Amino acid sequence: MDGYEIVKIVGEGIYGKVYEAQKRATGETVAIRETRFHENEDGVRQLYILQSICRGRYVVRLLDVKRGEIKESRTFLFLVFEYMPKHLSTFMGGFKRNIIPPGKIKTLMYLLCKGVAFCHGHGVLHRNLKPSNLLMDDQGEKLKIADIGLATDTVRIKDRLLDLKTLWYTAPEVLLGYPRDTTAMDMWSVACIFAELVRKEVLFKGKTKHSQLNEIFRILGTPNEDVWPGVSSLPDWQEFPRFKLQSLKSAVPNLGQDGLHLLTAMLKYVPSERISADDALKHWNQVGNNGGRRGGTANAGGSITKSSSPCSAYPRSCFPEGVFPPLSVLVGRTLLWFDKCVVRLAKLSNFPKKFNNNKPRNGTPLVDVLSRDDVPELQFEAALALAIIASGTSENTKLVIDEGAVPAFVKLLGSPRNDVHQMAVWTLGNIAGDSPSCRDSVLKEKALIQLLKHMNERQTLPMLRDTAFTLLNFCRGKPGPPFEQMCHALPALQLLLYFNDKDVLTYACWALSYLSDGTTKEIQAVIGAGVCPRLVELLSHQSPSVLIPALRTLRNIARGDDCQRQCIIEHRLLPSLKSLLLHGCNITIKQEACLTVSAITAGNKKQNEALVDAKLIEPLMSLLKDGESDIKEEAEQAVLNIISGGTRNGNKDFCLKGLLMSLRDLLGSSDSRIVPFCLDGLKTLCTPARETGARGYNYFAMLIFRSKGYNQIKELTSHPDLGISEKASNLYEMLSSEEKKLQKLIDDGVPIEGDLFV
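UniProt numbering applies: residue 1 is where the sequence shown begins, and numbers increase by one.
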């Protein structure tokens with residue numbers, strides 16, 4: 001590369017390779033990162049944002065930009081940064097046996113909060129703060145934030161979670177599928193880094209998304225609607241183990257009272273209650289100057305509904321990867337930018353001069369301009385300005401609604417200009433995603449009807465992504481929208497299921513999961529839309545972000561009536577469930593598969609037998625025996641439901657005797673959770689109701705007698721765990737009664753089966 005000599009590759013991250021290099025003219029050591037770049041107004045503005053952020057004392061400086069070769073219609077840029085030889089994780093590794101001095105921790109946290117506040121003040125959210133992205137000099141005196149990428153190249157958080165070390169610093173709302181990016185997400189990461197500096201060990205160290213949440217809940221307690229309003233309606237919420245709130249002091253014992261107050265403020269479950277970077281800075285200043293008094297907490301700021309909009313028709317840099325400044329600052333900056341657009345357009349065309357002398361001072365003039373079809377350029381700029389405001393905090397969104405922008409945006413859905421139409425779609429989706437009340441404000445203006453009316457006219461992939469995203473936000477939230485209104489979206493969602501784009505599929509599947517979470521009448525409407533065959537096909541999709549909502553929708557359908565369950569069974573759902581139980585790439589998928597099996601067990605005799613015939617018991621028992629601890633509870637419930645379903649419906653005994661033997665074998669498990677479960681399962685299988693007229697004896701009890709299971713149960717009656725001993729005693733008493741009946745039959749010469757199982 002001209003002017004620089006590559007020394008070596010020092011890393012390869014989500015944005016491309018990173019090189020150590022020397023500037024030929026001066027010998028200065030630099031770091032060069034290769035990244036893709038879109039040569040359009042969008043890309044130019046993104047680069048401008050990067051140049052404006054990557055400067056100063058707290059963010060790694062961008063020194064130069066070099067253009068590389070063009071591949072696949074994309075230009076590759078080489079971004080030249082100042083070189084910093086260490087990162088924070090290396091620094092912490094130098095204190096193997098010693099604690100990091102408190103004064104040093106204070107300095108590093110001050111520098112980190114300064115950098116985060118600087119980014120947030122410029123409307124940029126980092127989203128991937130962790131020790132390896134915090135660079136330091138050799139002396140350990142400077143700390144700067146690195147790895148701020150072009151928004152067009154930003155990888156979605158849900159994909160980043162494959163990076164284990166990113167997972168450890170990820171906020172719980174992200175792990176639960178919260179669809180809005182906020183500054184609070186960065187502050188959670190800052191809190192985890194703070195605790196790690198004090199502990200010299202990662203605070204929450206999970207191996208998967210589910211186990212990461214359990215690690216968080218183990219210390220902070222499992223949240224509920226009282227602690228975190230709306231948590232149960234988040235896309236990835238499920239029933240988690242109920243952990244009680246622990247004292248942070250036990251997790252970070254070396255941290256003083258003031259530090260604990262700050263850490264607590266950073267680790268609030270509700271994103272809007274989490275302390276901001278600016279207020280965290282007040283803490284560090286006050287600790288140094290005011291005898292350790294704690295700084296106040298503040299609202300964490302605004303948010304943007306999507307991590308990166310798929311829209312390519314408007315400048316994405318105007319929707320930075322994060323949140324916006326306070327409302328007064330935001331509106332002021334937006335209006336200043338709007339004024340400049342007016343001046344620019346006036347110079348380029350015969351645009352009416354009166355707008356120059358009538359500069360908007362609040363939201364209303366911007367809304368008025370939305371209806372000016374005679375000045376489409378300014379109409380687009382006004383839409384963009386309002387979209388910026390609407391993408392901020394809930395207060396910002398309310399401002400846009402109160403100023404009457406929603407009807408204007410609904411009207412723009414019929415705009416002949418693609419960029420204006422797409423801006424309207426995306427903004428209405430953002431507004432609807434803020435809260436159920438905002439969603440209802442949008443739907444009240446017949447936005448759904450207009451969106452569907454013009455959908456087929458706009459078939460480009462970016463437009464379909466935005467349409468699917470907006471339909472999702474129209475469907476989600478509790479309480480949900482009127483189904484009578486939303487059912488009109490079903491044909492469009494069925495159509496979107498056949499586009500092989502991950503984002504479109506993800507949004508469409510989640511929308512269907514919300515619509516199918518209702519009455520049997522509503523479930524039947526979803527089935528009637530013809531989505532079931534495609535949903536089953538999507539269970540083989542490579543991306544969990546598509547697979548999970550598709551499976552969630554099928555699980556909702558399985559909770560319907562027998563006819564509805566039979567519909568998805570006939571579309572070969574059961575083989576797909578078996579495959580997911582055996583080969584699912586993460587715990588969440590296996591848990592969803594177990595829950596779907598449990599839902600099917602509520603069906604009739606034929607459907608329960610179909611579960612057994614599909615050999616679903618084997619992978620469930622395998623999960624019980626060797627699976628991750630986080631999945632065992634769901635597997636237990638699925639097995640118990642199959643057993644109780646078989647008892648209720650009189651399934652063929654031979655289908656379940658293998659299960660009985662598996663339960664018997666697990667009685668010797670060292671897992672204290674497994675043994676009570678096995679005792680419950682055996683009791684259900686061996687209940688006297690199992691006695692059949694054909695045999696005249698309890699077949700499953702007989703199998704226990706003729707195996708080591710009987711003696712194992714007897715031994716468990718004296719188990720030190722009172723819960724286990726009580727369950728074992730009850731089962732042993734029942735089996736003893738059955739033994740007497742069986743012995744009488746033997747004495748009477750009745751032939752007894754089952755020698756094969758001794």
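There may be inaccurate statements among the hints.
[As the list claims (entries may be wrong)] Straight-line distance between alpha carbons at most 35 Å, and here's what the computed DSBU-like set of lysine-lysine pairs gives:
no. : residue 1 : residue 2
1   : K615      : K453
2   : K453      : K606
3   : K142      : K96
4   : K521      : K606
5   : K741      : K714
6   : K605      : K625
7   : K478      : K446
8   : K207      : K578
9   : K207      : K142
10  : K625      : K521
11  : K446      : K521
12  : K411      : K244
13  : K625      : K446
14  : K17       : K200
15  : K740      : K714
16  : K282      : K104
17  : K268      : K632
18  : K478      : K453
19  : K104      : K86
20  : K96       : K244
21  : K398      : K86
22  : K142      : K205
23  : K249      : K632
24  : K142      : K244
25  : K398      : K605
26  : K398      : K453
27  : K244      : K86
28  : K411      : K268
29  : K578      : K502
30  : K17       : K205
31  : K249      : K104
32  : K268      : K398
33  : K142      : K268
34  : K104      : K200
35  : K740      : K605
36  : K8        : K282
I should point out that these hints are in silico values taken from the structure, not numbers from a laboratory.
Keep in mind the model is a prediction, meaning the values are calculated, not measured.
To see whether the hints hold, each was checked on the structure:
Pair hint K615 plus K453 does not hold up; C-alpha atoms about 46 Å apart against a cutoff of 35 Å. Note on K453 and K606: the hinted pairing is violated, with a Cα-Cα distance of about 43 Å set against a maximum of 35 Å. Using a Cα cut-off of 35 Å, the hinted pair K142 and K96 holds, with the two alpha carbons roughly 21 Å apart. For the hint pairing K521 with K606, the CA-to-CA distance comes to about 23 Å; that is within 35 Å, so the pair holds.
As the CA atoms of K741 and K714 are separated by approximately 19 Å, the hinted pair is consistent with the 35 Å bound. Annotation: proposed proximity of K605 to K625 holds, straight-line Cα distance about 27 Å (limit 35 Å). Distance restraint check for K478 and K446: the Cα-Cα separation of roughly 20 Å lies within the 35 Å cut-off, and the hinted pair is therefore satisfied. Of the pairs offered as hints, the one joining K207 and K578 holds, with about 24 Å between alpha carbons and a cut-off of 35 Å not exceeded.
Straight-line distance between C-alpha atoms of K207 and K142 comes to about 31 Å, which keeps the hinted pair within the 35 Å bound. With a C-alpha separation of about 39 Å, the suggested pairing of K625 with K521 is violated against the 35 Å cut-off. Distance check on the hinted pair: K446 and K521 sit about 24 Å apart at the alpha-carbon level, within 35 Å; holds. At roughly 50 Å between alpha-carbon atoms, K411 and K244 are farther apart than 35 Å, so this suggested pair is violated.
Distance restraint check for K625 and K446: the Cα-Cα separation of roughly 53 Å exceeds the 35 Å cut-off, and the hinted pair is therefore not satisfied. Our distance criterion of 35 Å between C-alpha atoms is met by K17 and K200, whose separation comes to about 29 Å. For the proposed pair K740 and K714, the alpha carbon gap of about 16 Å is at most 35 Å, so the pair holds. Under the criterion of a C-alpha separation no larger than 35 Å, the hint pairing K282 with K104 is consistent with the structure, at around 17 Å.
Restraint check for K268 and K632: satisfied, since their Cα atoms lie roughly 29 Å apart, inside the 35 Å limit. Annotation: proposed proximity of K478 to K453 holds, straight-line Cα distance about 26 Å (limit 35 Å). Proximity of K104 to K86 is assessed by CA-CA distance (about 16 Å); at most 35 Å being required, the pair is judged to hold. The straight-line distance between the Cα atoms of K96 and K244 is roughly 32 Å, inside the 35 Å bound, and the hint therefore holds.
Taking the CA atoms of K398 and K86, the gap is near 45 Å; set against the 35 Å cutoff, the hint is violated. Restraint check for K142 and K205: the C-alpha separation of about 27 Å stays at or below 35 Å, so the hint holds. With a C-alpha separation of about 31 Å, the suggested pairing of K249 with K632 holds against the 35 Å cut-off. For the suggested pair K142 and K244, the alpha carbons sit about 39 Å apart, so the restraint of at most 35 Å is broken.
For the hint pairing K398 with K605, the CA-to-CA distance comes to about 53 Å; that exceeds 35 Å, so the pair is violated. For a cut-off of 35 Å, the pair hint linking K398 to K453 stands: about 27 Å separates their Cα positions. For the suggested pair K244 and K86, the alpha carbons sit about 39 Å apart, so the restraint of at most 35 Å is broken. Note on K411 and K268: the hinted pairing is violated, with a Cα-Cα distance of about 40 Å set against a maximum of 35 Å.
For the given pair, K578 sits about 24 Å from K502 by alpha-carbon distance, which is consistent with the 35 Å threshold. Distance restraint check for K17 and K205: the Cα-Cα separation of roughly 27 Å lies within the 35 Å cut-off, and the hinted pair is therefore satisfied. Between K249 and K104 the CA atoms are separated by roughly 20 Å; this keeps the pair inside 35 Å, and the hint holds. Only pairs whose Cα atoms come within 35 Å are accepted, and K268 paired with K398 is accepted, the gap being roughly 24 Å.
Only pairs whose Cα atoms come within 35 Å are accepted, and K142 paired with K268 is accepted, the gap being roughly 29 Å. Pair hint K104 plus K200 holds up; C-alpha atoms about 13 Å apart against a cutoff of 35 Å. Restraint check for K740 and K605: satisfied, since their Cα atoms lie roughly 31 Å apart, inside the 35 Å limit. With a C-alpha separation of about 41 Å, the suggested pair K8 and K282 falls outside the 35 Å cut-off, and the hint is violated.
In this structure, the hints that do not hold are numbers 1, 2, 10, 12, 13, 21, 24, 25, 27, 28, 36, in rising order.
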